[in-house]
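Residue numbers (the numbering used here), protein chains in the order written: chain A, 226 to 510; chain B, 226 to 510; chain C, 20 to 591; chain D, 20 to 591.
If you are wondering where the hints come from, they were derived from the structure by calculation, not from laboratory data.
This one's a predicted model, so the numbers in the text were calculated from it and none came from an experiment.
There's no promise every hint is true.
Calculated lysine to any residue pairs in the SDA-like style (CA-CA distance at most 20 Å, straight line) [stated by the list, open to error]:
{"#": "1", "chain 1": "A", "residue 1": "LYS412", "chain 2": "A", "residue 2": "ILE502"}
{"#": "2", "chain 1": "C", "residue 1": "LYS541", "chain 2": "C", "residue 2": "HIS579"}
{"#": "3", "chain 1": "A", "residue 1": "LYS365", "chain 2": "D", "residue 2": "ASP585"}
{"#": "4", "chain 1": "C", "residue 1": "LYS176", "chain 2": "C", "residue 2": "ILE402"}
{"#": "5", "chain 1": "D", "residue 1": "LYS86", "chain 2": "D", "residue 2": "GLU459"}
{"#": "6", "chain 1": "A", "residue 1": "LYS503", "chain 2": "C", "residue 2": "LYS102"}
{"#": "7", "chain 1": "D", "residue 1": "LYS95", "chain 2": "D", "residue 2": "SER163"}
{"#": "8", "chain 1": "B", "residue 1": "LYS428", "chain 2": "C", "residue 2": "ILE402"}
{"#": "9", "chain 1": "D", "residue 1": "LYS212", "chain 2": "B", "residue 2": "PHE509"}
{"#": "10", "chain 1": "A", "residue 1": "LYS428", "chain 2": "A", "residue 2": "PHE509"}
{"#": "11", "chain 1": "D", "residue 1": "LYS95", "chain 2": "A", "residue 2": "ILE237"}
{"#": "12", "chain 1": "C", "residue 1": "LYS258", "chain 2": "A", "residue 2": "PHE509"}
{"#": "13", "chain 1": "C", "residue 1": "LYS257", "chain 2": "A", "residue 2": "LYS453"}
{"#": "14", "chain 1": "C", "residue 1": "LYS102", "chain 2": "D", "residue 2": "GLU459"}
{"#": "15", "chain 1": "C", "residue 1": "LYS78", "chain 2": "C", "residue 2": "LYS541"}
{"#": "16", "chain 1": "A", "residue 1": "LYS428", "chain 2": "D", "residue 2": "GLU250"}
{"#": "17", "chain 1": "D", "residue 1": "LYS102", "chain 2": "D", "residue 2": "ASP77"}
{"#": "18", "chain 1": "C", "residue 1": "LYS257", "chain 2": "A", "residue 2": "ILE237"}
{"#": "19", "chain 1": "C", "residue 1": "LYS258", "chain 2": "B", "residue 2": "GLU462"}
{"#": "20", "chain 1": "A", "residue 1": "LYS453", "chain 2": "B", "residue 2": "PHE509"}
Residues from chain C shown here face chain B by an in silico Cβ test under 7 Å; the list is partial [as the list claims (entries may be wrong)]:
{"#": "21", "residue": "ARG63"}
{"#": "22", "residue": "ILE64"}
{"#": "23", "residue": "LYS86"}
{"#": "24", "residue": "THR324"}
{"#": "25", "residue": "GLU532"}
{"#": "26", "residue": "ALA534"}
{"#": "27", "residue": "GLU590"}
Ideal Cβ placement from N, Cα and C applies to all residues, glycine included.
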Amino acid sequence: MDISDFKSNEEIAWCPGCGNFGILTAVKKTLSQLARHPKDILFVSGIGQASKLPHYVNCNCFNGLHGRTLPVASAAKIANRNLTVLVTTGDGDCYGEGGNHLIHNIRRNTDITVIVHDNQVYGLTKGQSSPTSDPGYVTKIQEEGVILEPLHPLEMAIALGAGFVARGYSLETEHLSWLIGEGIRHKGFSLIDVLQPCVSFNKKNTYEWYSKRVYKVNDNGSYDPENKMAAYEKSHEWGDRIPIGIIYRAEKETYEEKRGLSQGIPLVDEQIEDVDIKGILSEFV
Amino acid sequence: MDISDFKSNEEIAWCPGCGNFGILTAVKKTLSQLARHPKDILFVSGIGQASKLPHYVNCNCFNGLHGRTLPVASAAKIANRNLTVLVTTGDGDCYGEGGNHLIHNIRRNTDITVIVHDNQVYGLTKGQSSPTSDPGYVTKIQEEGVILEPLHPLEMAIALGAGFVARGYSLETEHLSWLIGEGIRHKGFSLIDVLQPCVSFNKKNTYEWYSKRVYKVNDNGSYDPENKMAAYEKSHEWGDRIPIGIIYRAEKETYEEKRGLSQGIPLVDEQIEDVDIKGILSEFV
Amino acid sequence: MTNELTIKITGEAGQGIQTIGAALCRLFKNAGFHIFANQDLMSRIRGGNNFFQLRISDKPLFALRQKSDITVALDKASVALHKSSMTDGGILVLDRKKFNVIEEDNAFFDVPFYDMAVRTGGSALFINSVSCGVLAGIVGVESSYVEQAMNATFAGKDEDVIRKNKDAACVGYDFVRSNLKRDAFRIKAGAIKDTNTPIMNGNDAIVLGAIRAGCKFYSAYPMSPSTSIMEVIARYAKKFNIVVEQAEDEIAAINMIIGASFAGVRSMTATAGGGFALMVEGLSLAAMTETPIVVVVAQRPAPATGFPTRTAQADLEFVLHAGHGEFARAVYAPGTIEELFFVTIKAFNVAEKYQIPAIILTDQHLADSYRNIETFDLNKIKIQRYIISKEDSKRIKNYKRYQFTESGISPRAIPSWIEDVIYVDSDEHTEEGHITEDAEMGRKMVEKRFYKKFSGLSQEVEKPTVYNMERADIVLLGFGSTYGVMREVSDTATDKKVGFVHLPQVWPFPAIEMAGLLKNAKRVLSVENNAGGQLARLLRRETGLQVNGSVLKYDGRPFHVDGLMDRIKKEG
Amino acid sequence: MTNELTIKITGEAGQGIQTIGAALCRLFKNAGFHIFANQDLMSRIRGGNNFFQLRISDKPLFALRQKSDITVALDKASVALHKSSMTDGGILVLDRKKFNVIEEDNAFFDVPFYDMAVRTGGSALFINSVSCGVLAGIVGVESSYVEQAMNATFAGKDEDVIRKNKDAACVGYDFVRSNLKRDAFRIKAGAIKDTNTPIMNGNDAIVLGAIRAGCKFYSAYPMSPSTSIMEVIARYAKKFNIVVEQAEDEIAAINMIIGASFAGVRSMTATAGGGFALMVEGLSLAAMTETPIVVVVAQRPAPATGFPTRTAQADLEFVLHAGHGEFARAVYAPGTIEELFFVTIKAFNVAEKYQIPAIILTDQHLADSYRNIETFDLNKIKIQRYIISKEDSKRIKNYKRYQFTESGISPRAIPSWIEDVIYVDSDEHTEEGHITEDAEMGRKMVEKRFYKKFSGLSQEVEKPTVYNMERADIVLLGFGSTYGVMREVSDTATDKKVGFVHLPQVWPFPAIEMAGLLKNAKRVLSVENNAGGQLARLLRRETGLQVNGSVLKYDGRPFHVDGLMDRIKKEG
Ligand SMILES: Cc1ncc(C[n+]2csc(CCOP(=O)(O)OP(=O)(O)O)c2C)c(N)n1
Ligand SMILES: Cc1ncc(C[n+]2csc(CCOP(=O)(O)OP(=O)(O)O)c2C)c(N)n1
Ligand code: SF4
Ligand code: SF4
Ligand SMILES: [Mg+2]
Ligand SMILES: [Mg+2]
């Protein structure tokens with residue numbers, strides 16, 4: 226497939242300069258390298274700026290409720306394993322409203338790839354703190370600054386047994402595109418938290434702020450993402466230096482495999498007009 | 226206070242031999258050593274067998290919805306910091322339906338103590354799998370055995386920055402009572418996951434099964450619960466050996482402290498009859 | 020007490036009352052009786068007091084009686100609790116020695132259960148089988164039925180287990196034949212000629228309907244009284260290639276079935292009112308995205324946790340108006356097990372045809388009550404798919420998911436089947452499924468989802484059931500599980516002629532039809548398991564007609580035939 | 020166009036239209052005009068098209084007009100978008116050079132915004148202040164008001180910033196005075212003598228009400244159009260010792276306010292329909308546990324995400340029936356900013372008195388519309404606490420949280436204040452708050468929570484507002500935000516006499532009163548921002564009366580005075 230196959234004609238409603246553009250570029254690039262027809266790719270999103278992304282690519286799109294991406298995505302994958310399922314969601318969508326689905330879908334381990342546009346703020350609702358906002362971050366609601374411990378999504382995902390845990394940065398589109406590709410290739414649930422500057426509301430975690438800190442975790446080739454304890458250390462690193470890349474990776478059997486759904490015809494192709502229940506009806510006699 | 230001060234006259238609706246009895250014993254014992262009047266202690270619970278516990282002690286009780294203990298408990302504490310707030314909840318209640326509140330209340334870090342009666346099964350609804358059920362565990366719903374990765378509550382809590390993470394065992398009532406006491410004494414959110422045999426539905430994780438595996442994490446005095454990486458290792462240990470005790474501990478400022486609620490009069494004692502809004506009304510002129 | 024009996028087995032939770040109950044249902048049906056059975060459980064696993072009630076008769080049964088003719092007390096507490104709810108001349112079976120009961124009572128019939136169980140089976144566990152035998156003996160069915168019931172109940176178990184249970188039952192049976200002097204309870208068997216018919220409860224019927232309708236994905240979170248739907252469908256999941264997924268919560272459950280349905284698979288969830296409260300946002304999502312789903316709401320007394328194991332019909336108005344925004348929905352409220360089966364199938368078809376949520380409103384009483392039924396006429400069933408077939412899909416280009424049509428229904432394509440991509444959105448959207456802010460588009464989409472679909476749906480509403488209405492002095496009005504009790508009252512009322520109208524579908528409300536049926540009625544009483552008289556209010560809103568009164572019950576218990584009869588007499 | 024003007028400022032999201040809007044409101048009010056202002060926003064942060072509409076007049080204003088007399092286009096796209104919605108003789112202000120507009124139009128009034136902004140302030144940011152000046156000039160208010168408005172808007176900023184903005188505004192003002200030939204827009208100022216009165220929107224009024232009512236705990240999850248309630252209360256949190264907590268989701272929000280309220284603190288949450296959908300279970304919990312809470316539901320178009328930044332009244336039925344089980348609730352639907360303030364206070368009192376959930380049903384239009392109002396008469400307010408005081412608490416022993424009383428209201432103690440302990444349960448419970456399975460207890464508790472409380476509540480329903488009803492040819496009927504537009508139509512209708520009835524409280528429904536008011540009306544039309552005619556249906560259900568028609572609008576936009584007038588003419 227060519228990148229133009231994924232072009233959508235929708236006008237983009239993001240602010241000029243928004244970090245989401247970098248993610249969009251990366252996503253499209255990955256798609257163009259997938260060798261999958263747009264009709265076989267499904268984007269599931271929630272509500273928020275991040276969640277508008279599916280409208281800007283030419284793929285199937287289920288743009289559902291705020292926070293409820295993962296149940297929709299997992300079930301769509303279960304229903305039709307031939308779909309490549311990607312989720313684009315925000316830090317509010319995925320870690321706030323949708324937190325319970327995140328922890329349980331990591332456990333469920335369907336083969337889906339989740340891209341969290343993490344701008345550490347609620348963009349679409351105009352600048353409230355999000356679960357990942359830095360302590361002290363001031364908003365109209367958090368007038369004296371955020372006092373809750375930030376959610377540590379990568380660390381949490383590792384603790385929950387996720388098999389692919391990564392962080393990207395929206396300015397590093399090549400690297401991000403590679404990460405997303407690796408996420409898709411990974412069999413099972415992949416979580417990619419993407420640092421995404423929000424130029425309108427997050428005046429703290431800016432391009433400059435991130436760019437100064439971000440480094441590739443395996444730049445010198447010595448980082449082993451299969452070492453869980455090292456991964457815990459790295460995933461907790463947040464300050465002067467912020468690692469991006471594949472933080473943790475492990476092979477796990479997927480939900481579909483365990484359920485025996487990876488063989489036989491996909492559920493969606495089952496003929497259902499003439500299901501014969503005579504046999505089981507007789508069990509009630 | 227004496228243990229008899231905490232005696233309730235309610236008939237106990239648990240099955241004979243249920244692991245909940247051990248927890249009840251431990252709880253009462255802790256209470257009797259607290260030097261707090263029953264009226265100053267609040268139990269918050271949800272729905273499930275575990276959640277019936279507050280009826281069996283003579284303390285304040287808010288027995289709310291399935292899964293919704295933590296928002297109630299945190300807010301009650303915020304409203305009246307003089308209450309000692311304990312939560313009794315089940316593995317379904319706290320980790321399933323209530324998962325999102327768990328992750329965010331760990332971050333919120335109000336000074337409450339959460340006791341999870343973890344029987345690895347849904348007791349009250351008659352034996353479905355719970356988030357902590359062991360893989361392969363067979364139920365009427367999971368006819369071919371549980372296929373989801375079990376939730377690792379302790380590991381997850383550490384990842385989320387909880388300051389007190391412990392595991393108890395309902396047969397070890399002395400130890401459990403001590404743990405609960407430590408949890409209460411700990412300033413901030415304390416999570417105590419308690420292994421609790423369900424004699425009616427969980428025929429796998431029985432008294433025998435647990436007793437054979439359980440050991441006190443710090444029996445030889447060399448375990449340092451303040452070492453996070455060691456805590457990660459320990460919290461993941463589940464198999465032939467299962468550690469109980471304080472797995473992780475760290476001092477953190479509480480929500481109340483950060484909000485300035487630990488000084489001044491508690492919210493509940495504020496006079497509200499004559500709030501003067503003239504000043505702010507003039508800001509709208 | 021002419022040609023029917025009410026039998027009650029009572030004891031603590033955990034004593035296996037449900038197992039005896041099931042065995043007895045089978046036993047008496049095979050002996051040719053019509054049966055109706057129901058359990059009364061506490062929300063606990065052991066202890067307390069549970070009971071199983073079984074009515075048998077030579078005529079079809081649809082409801083319960085308040086008092087029992089034969090009560091078998093399996094523990095001491097039950098004696099005191101149930102002594103007062105016996106009919107005159109009724110008999111209470113107990114193990115005097117074991118329970119240490121010294122007082123005398125005319126109704127008592129002493130049976131040394133415990134000794135007999137230990138003697139035959141080796142342990143108290145066999146009390147259940149003993150009591151089966153005892154009951155068969157009291158009613159006087161042939162002993163072969165007892166054996167047959169034991170064989171069926173313990174099918175698949177060890178030879179030895181089966182034999183011991185049979186022994187236990189036979190000893191019980193024989194004990195009665197030798198010791199019971201009265202034969203008042205020997206009612207005539209053999210009313211059903213073909214006993215090769217099913218016994219099932221409401222939840223079973225829903226599962227069978229869903230399987231037949233082609234449901235391939237079921238996701239739910241356990242909640243009484245809906246849980247057994249998940250258990251039963253899980254039992255058949257492998258055979259029919261159905262994925263049954265226990266969700267982390269009800270919000271996940273409804274969003275999962277929406278996701279699976281979007282992907283092209285017929286999907287269902289079930290819950291009670293409290294779980295449905297968490298699905299309300301998802302219901303609205305299904306409507307907005309025009310994704311077909313079937314949601315079973317099995318009512319129980321609320322607010323909040325309420326009486327978890329008991330019955331109510333108090334969520335009618337809630338279910339009718341649940342969800343933010345305005346959209347078409349179908350709400351079914353079948354009254355019998357047969358209706359539940361067929362309506363479930365219809366719900367799947369209608370949901371898919373109109374691309375809407377279809378709700379099946381049931382309750383604990385209907386969900387958990389067993390009846391012997393006629394074998395379903397499977398030839399009546401037609402599964403029609405309202406999607407663009409895989410064949411036709413290949414030719415689709417420039418697909419618009421929300422294309423405007425006369426009917427409000429846009430042809431629905433399945434992702435990956437068509438060559439084009441599909442956009443679906445929870446925001447207000449264009450025909451293409453993209454987010455819009457346009458007022459005109461918004462207006463037209465509301466009309467599509469609300470007016471147009473509603474108008475089509477209204478054409479295929481399940482007809483109200485009309486019974487004994489000619490020259491009726493009193494017309495009862497109900498929905499859902501009260502069908503049974505209304506029918507029995509209508510059949511047996513003597514003072515005045517009582518007819519009834521029952522709505523198996525409450526939305527769209529069949530307003531014109533109902534107005535026609537009721538406007539000349541002498542006296543209309545709504546019969547509802549709620550405190551608000553919700554059906555009566557709906558009737559008034561939709562037709563302007565006011566009922567003359569409402570017979571309401573809101574204590575968590577179903578109506579009994581005698582109870583309703585009395586109440587009607589009082590209401591006049 | 021006699022004594023009023025409609026002014027519109029339009030541009031992209033992010034151009035600061037709200038700031039200019041606020042400044043203009045102040046400016047014109049201080050100049051002695053009545054104002055009504057409202058914004059039309061897209062659900063995005065930058066780009067697209069937003070506008071701020073401001074009506075000014077020498078008479079009190081309550082609604083919007085469709086067309087504007089003066090439109091200021093801040094970007095090129097706005098010119099084409101808004102050209103057609105001008106009144107005859109209206110004027111469209113634009114920067115021809117900057118926008119590169121070559122076509123001619125009678126309405127165009129070219130103002131070199133951009134140059135003036137750069138010249139005076141140094142950047143395009145100052146366009147806002149220029150346009151303030153321009154508008155002041157067109158309307159012809161004295162220039163001192165322009166300065167005053169700039170001072171107020173930039174109070175607290177650098178001297179330099181203030182001066183530059185003043186310069187920019189003055190340059191705009193002067194430009195108009197020199198270049199605008201027409202003075203058609205110079206309407207007479209000075210109608211308000213005391214200009215020392217507030218301007219606020221609906222959400223502000225709710226916050227002020229809540230603070231005055233003693234709300235000490237507020238928890239919510241951001242959702243338009245309710246978000247500004249949280250922002251404004253957060254602004255005053257420190258001053259009044261209020262805890263404002265952003266919850267992880269709406270479920271947490273409602274459970275948190277229940278927890279805080281149980282502990283003795285007045286608590287509130289606010290959300291939109293979609294967030295309320297997630298609170299439905301919690302609502303039922305509040306009712307069951309008898310914990311007072313106040314919930315603001317600010318409606319927006321749905322289903323699902325719908326039009327996030329727009330208006331609707333489509334959640335009336337949803338809110339009335341939300342929650343499983345049956346329980347008393349109060350639902351308010353105030354029509355003005357003043358009413359919102361007082362009703363919010365009442366909601367807190369009523370919630371606490373009856374220990375129930377009280378809902379304030381508002382919508383985006385009311386939430387976000389600004390008006391100049393009379394200063395609230397604070398002396399009218401009485402905060403009464405319906406709890407056992409700390410004093411009295413000391414004497415309480417053997418406390419029963421759910422003690423049966425005539426009124427259904429049990430004396431409410433606060434944990435740790437009394438010497439005894441308090442049990443509260445979401446299961447059906449005894450008077451002591453312990454779980455029960457008893458049928459009789461269940462029945463009595465339903466009666467307590469549903470019948471008895473309802474009956475008390477019914478005694479203190481907010482009276483419907485009755486306006487111009489004598490000999491009215493047409494009677495309009497509405498709730499919530501349509502008050503304003505009904506009032507203006509009623510005031511200005513000439514063909515026929517139009518009166519109206521407005522319900523600031525929709526539940527309990529004032530049935531007897533409404534029947535009295537409407538039964539002799541010539542022609543009743545319900546005016547609703549929904550597609551279902553939900554108020555009309557409620558009226559029929561509660562009184563049997565049917566309206567003669569419904570004027571419905573469901574495109575996400577509020578009614579305009581002219582629009583409603585036309586529709587009424589059509590409806591006859
Ligand atoms: C149930 C519900 N609650 C609240 C909202 C309002 N809402 C829309 S987007 C959003 C937060 C967006 O934040 P995030 O997910 O971080 O996305 P961003 O806009 O920052 O990309 C909220 C609270 C909603 N649509 N639905
Ligand atoms: C919203 C909601 N969903 C489902 C239920 C039904 N329910 C009651 S208890 C329970 C699970 C109990 O499991 P757990 O929390 O582990 O407690 P246990 O009984 O094992 O102690 C469920 C699903 C409910 N009460 N409310
Ligand atoms: S508000 Fe922030 S996240 Fe949203 S589009 Fe604008 S810059 Fe991006
Ligand atoms: S079902 Fe299990 S957890 Fe519940 S009381 Fe019985 S033994 Fe305990
Ligand atoms: Mg964000
Ligand atoms: Mg459990």
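Tested hints:
Our distance criterion of 20 Å between C-alpha atoms is broken by A/LYS412 and A/ILE502, whose separation comes to about 36 Å. With a CA separation close to 24 Å, the supplied pair C/LYS541 and C/HIS579 exceeds the 20 Å bound. Taken as a hint, the A/LYS365 and D/ASP585 pair is broken in the structure, with Cα atoms around 42 Å apart against an allowance of 20 Å. Of the supplied pair hints, the one linking C/LYS176 and C/ILE402 is violated, its CA atoms being roughly 38 Å apart against a limit of 20 Å.
Of the pairs offered as hints, the one joining D/LYS86 and D/GLU459 is violated, with about 63 Å between alpha carbons and a cut-off of 20 Å exceeded. Between A/LYS503 and C/LYS102 the alpha-carbon distance is near 43 Å, which puts this suggested pair outside the 20 Å criterion. Pair hint D/LYS95 plus D/SER163 does not hold up; C-alpha atoms about 31 Å apart against a cutoff of 20 Å. A threshold of 20 Å between alpha carbons decides the hint, and for B/LYS428 with C/ILE402 the separation of about 42 Å lies outside it, so the pair is violated.
Using a Cα cut-off of 20 Å, the hinted pair D/LYS212 and B/PHE509 holds, with the two alpha carbons roughly 17 Å apart. With a C-alpha separation of about 66 Å, the suggested pair A/LYS428 and A/PHE509 falls outside the 20 Å cut-off, and the hint is violated. For the hint linking D/LYS95 to A/ILE237, the alpha-carbon distance of about 18 Å falls within 20 Å, and the restraint holds. Proposed proximity of C/LYS258 and A/PHE509 is supported: the alpha carbons are some 16 Å apart, at most 20 Å.
The suggested pairing of C/LYS257 with A/LYS453 is violated, with an alpha-carbon distance near 36 Å, which exceeds 20 Å. About 18 Å separates the Cα atoms of C/LYS102 and D/GLU459, which keeps this hinted pair within 20 Å; it holds. For the hint linking C/LYS78 to C/LYS541, the alpha-carbon distance of about 29 Å lies beyond 20 Å, and the restraint is violated. With a C-alpha separation of about 18 Å, the suggested pair A/LYS428 and D/GLU250 falls inside the 20 Å cut-off, and the hint holds.
Of the pairs offered as hints, the one joining D/LYS102 and D/ASP77 is violated, with about 26 Å between alpha carbons and a cut-off of 20 Å exceeded. With a C-alpha separation of about 46 Å, the suggested pairing of C/LYS257 with A/ILE237 is violated against the 20 Å cut-off. Restraint check for C/LYS258 and B/GLU462: the C-alpha separation of about 37 Å exceeds 20 Å, so the hint is violated. With a C-alpha separation of about 56 Å, the suggested pairing of A/LYS453 with B/PHE509 is violated against the 20 Å cut-off.
With 7 Å as the threshold, the beta carbon of C/ARG63 comes within range of chain B, its nearest partner Cβ sitting at about 4 Å, so the hint holds. For C/ILE64, the suggested interface contact is upheld, since its CB lies about 5 Å from the closest CB of chain B, less than 7 Å. At its closest, the beta carbon of C/LYS86 sits 27 Å from a beta carbon of chain B; the interface hint therefore is violated under the 7 Å criterion. The beta carbon of C/THR324 comes within 5 Å of a beta carbon in chain B, closer than 7 Å, and the hint placing it at the interface holds.
With a cut of 7 Å, the hint placing C/GLU532 at the interface with chain B is violated, because the nearest CB-to-CB distance is about 40 Å. This hint is violated: C/ALA534 has a C-beta 41 Å from the nearest C-beta of chain B, more than the 7 Å allowed. Restraint check, C/GLU590 versus chain B: the minimum CB separation of about 37 Å is more than 7 Å; hint violated.
The earlier numbered hints that this structure contradicts are 1, 2, 3, 4, 5, 6, 7, 8, 10, 13, 15, 17, 18, 19, 20, 23, 25, 26, 27.
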